[in-house]
Amino acid sequence: MSPFYALQLASGAKSFADNPVIGSKWLNRKGLHEKRVSLAMRMAAWRRTKLEKLVAPEYRRQYAENGFVKIEDFLSPEVFAAVTREIAERDFERYDMLQGETVTRRAIIDDSDLESLPGFKAARNDPRVTNLLRYVSSHDGQPLLVVQVVMALPSVVTQGSTDPQTALHSDTFQPTAKAWLFLRDVGEEDGPFSYVPGSHEMTPQRLAWERRISENADSIENKYSARGSLRIMPDELSALGYVQPVKMTVKANTLIVADTHGFHARSPSYKTTTRIEIYGSLRRNPFLPFTGLHIASLPFIASGMNRLIINAMGFRAKLGLKGSPWKDAGKGKADEWSKRLKQPSA
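The opening position of the sequence shown corresponds to residue -14 in our numbering, with each subsequent residue numbered one higher.
Keep in mind the hints are simulated off the structure, nothing from the lab. Every value quoted in this text rests on a predicted model; they were computed, and no experiment measured them. Hints may contain errors.
[As the list claims (entries may be wrong)] Here are the simulated DSSO-like cross-link-like pairs (lysine-lysine), alpha carbons at most 27 Å apart as the crow flies:
1. Lys312 with Lys256
2. Lys236 with Lys208
3. Lys208 with Lys10
4. Lys55 with Lys106
5. Lys20 with Lys303
6. Lys55 with Lys20
7. Lys20 with Lys10
8. Lys55 with Lys38
9. Lys318 with Lys106
10. Lys312 with Lys10
11. Lys106 with Lys236
12. Lys106 with Lys303
13. Lys35 with Lys20
14. Lys10 with Lys35
15. Lys232 with Lys208
16. Lys15 with Lys208
17. Lys232 with Lys55
18. Lys208 with Lys106
19. Lys236 with Lys318
20. Lys316 with Lys208
21. Lys318 with Lys256
22. Lys303 with Lys208
23. Lys307 with Lys55
24. Lys38 with Lys106
25. Lys312 with Lys106
26. Lys35 with Lys15
Please construct the entire structure, taking both the sequences and the accompanying hints into account.
Below, the structure written as structure tokens:
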């Protein structure tokens, strides 16, 4: 497998635990991880200059300063009303992922569904969403866009562990983009998205911190950090040159697009809450010298990407490879409780 592991160095592969080359203490003491991070950041900055025309100067300024872009009253009142009505009335194919006491649900919508969902179609095809995802990720690709519901269920259902998304973390070593168009108000207790402003940029202290971790990859205790999604405690941020995280308590119809190479988390909720949003993401190979030409942008793939991803993960599980964390929750309303979850008492 050594040639295969070595080839992954030129990809977005990030796991210290699963790739003995990426996780090699000897190579990382020679600067392997540090060089991959530095090169990925330089390549992303170069590609982003080719995509500047896609977004307004104000949004480029927000991203440069903070690592995220926030736009209130994003959709017109008419389109927003249509989106919320369609999602409330329609039955969807639903897939759930349980992490600790939180269920994340995806309602599958592909191009074949759009003609019966004109409001969602207008929102999904808004060029500001796709172009911001492209600019932040530095790739001119086709983003993944779905309806997502996040249900915090303390004391209702639990795996006996905490939700790993509530720990401050960086998704990967390269710039990558995620978007949330919130369809309901998100308050302090509703598990708001939180982000460390400016942490999308590498400081010398951050690079040295990552190098120290990579040099001792075989002793990383947190399994998510070992897989390349590095966790950090809030009291460590100042030593890396960063400020404390900001919670995104927002009104409905607010769009946030963030570079999740920066440190971020889902704030824990201590009551039963439901957050509903249009969710988008875009991540590509960090070392490409061009912005486009990705297989996922081919029309026959892009038009059915959501179902293809779910089916591919199910196929991997049948082959005995890594199973899918997403479980079929049946057809129904996006935010209603599936049969396998206990309805909380009033």
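For each hint, the structure was consulted:
Of the pairs offered as hints, the one joining Lys312 and Lys256 holds, with about 24 Å between alpha carbons and a cut-off of 27 Å not exceeded. At most 27 Å may separate the alpha-carbon atoms for a hinted pair to count; Lys236 and Lys208 exceed this at roughly 35 Å. Distance restraint check for Lys208 and Lys10: the Cα-Cα separation of roughly 17 Å lies within the 27 Å cut-off, and the hinted pair is therefore satisfied. Between the alpha carbons of Lys55 and Lys106 the distance comes to roughly 21 Å, so the proposed pair stays at or under 27 Å and holds.
Restraint check: the Cα-Cα separation between Lys20 and Lys303 comes to about 37 Å, which exceeds 27 Å; the hinted pair is violated. Proposed proximity of Lys55 and Lys20 is contradicted: the alpha carbons are some 32 Å apart, above 27 Å. A distance of roughly 14 Å separates the Cα atoms of Lys20 and Lys10; the hinted pair therefore holds under the 27 Å criterion. Restraint check: the Cα-Cα separation between Lys55 and Lys38 comes to about 19 Å, which is no more than 27 Å; the hinted pair holds.
Among the hinted pairs, Lys318 with Lys106 is consistent with the structure: their alpha-carbon atoms are about 18 Å apart, no more than 27 Å. With a C-alpha separation of about 36 Å, the suggested pairing of Lys312 with Lys10 is violated against the 27 Å cut-off. At roughly 22 Å between alpha-carbon atoms, Lys106 and Lys236 fall within 27 Å of each other, so this suggested pair holds. Between Lys106 and Lys303 the CA atoms are separated by roughly 33 Å; this puts the pair beyond 27 Å, and the hint is violated.
In summary, the hint linking Lys35 to Lys20 is supported, as the alpha carbons are separated by about 23 Å, within the 27 Å threshold. For the hint pairing Lys10 with Lys35, the CA-to-CA distance comes to about 36 Å; that exceeds 27 Å, so the pair is violated. For a cut-off of 27 Å, the pair hint linking Lys232 to Lys208 stands: about 25 Å separates their Cα positions. Proximity of Lys15 to Lys208 is assessed by CA-CA distance (about 24 Å); at most 27 Å being required, the pair is judged to hold.
Between Lys232 and Lys55 the CA atoms are separated by roughly 12 Å; this keeps the pair inside 27 Å, and the hint holds. Pair hint Lys208 plus Lys106 does not hold up; C-alpha atoms about 38 Å apart against a cutoff of 27 Å. Proposed proximity of Lys236 and Lys318 is supported: the alpha carbons are some 22 Å apart, at most 27 Å. Between Lys316 and Lys208 the alpha-carbon distance is near 33 Å, which puts this suggested pair outside the 27 Å criterion.
A threshold of 27 Å between alpha carbons decides the hint, and for Lys318 with Lys256 the separation of about 22 Å falls inside it, so the pair holds. With a C-alpha separation of about 24 Å, the suggested pair Lys303 and Lys208 falls inside the 27 Å cut-off, and the hint holds. For a cut-off of 27 Å, the pair hint linking Lys307 to Lys55 is broken: about 36 Å separates their Cα positions. Distance check on the hinted pair: Lys38 and Lys106 sit about 24 Å apart at the alpha-carbon level, within 27 Å; holds.
Between Lys312 and Lys106 the alpha-carbon distance is near 26 Å, which keeps this suggested pair within the 27 Å criterion. Annotation: proposed proximity of Lys35 to Lys15 is violated, straight-line Cα distance about 33 Å (limit 27 Å).
Figure legend: structure checked against the earlier numbered hints; hints not met, in rising order: 2, 5, 6, 10, 12, 14, 18, 20, 23, 26.
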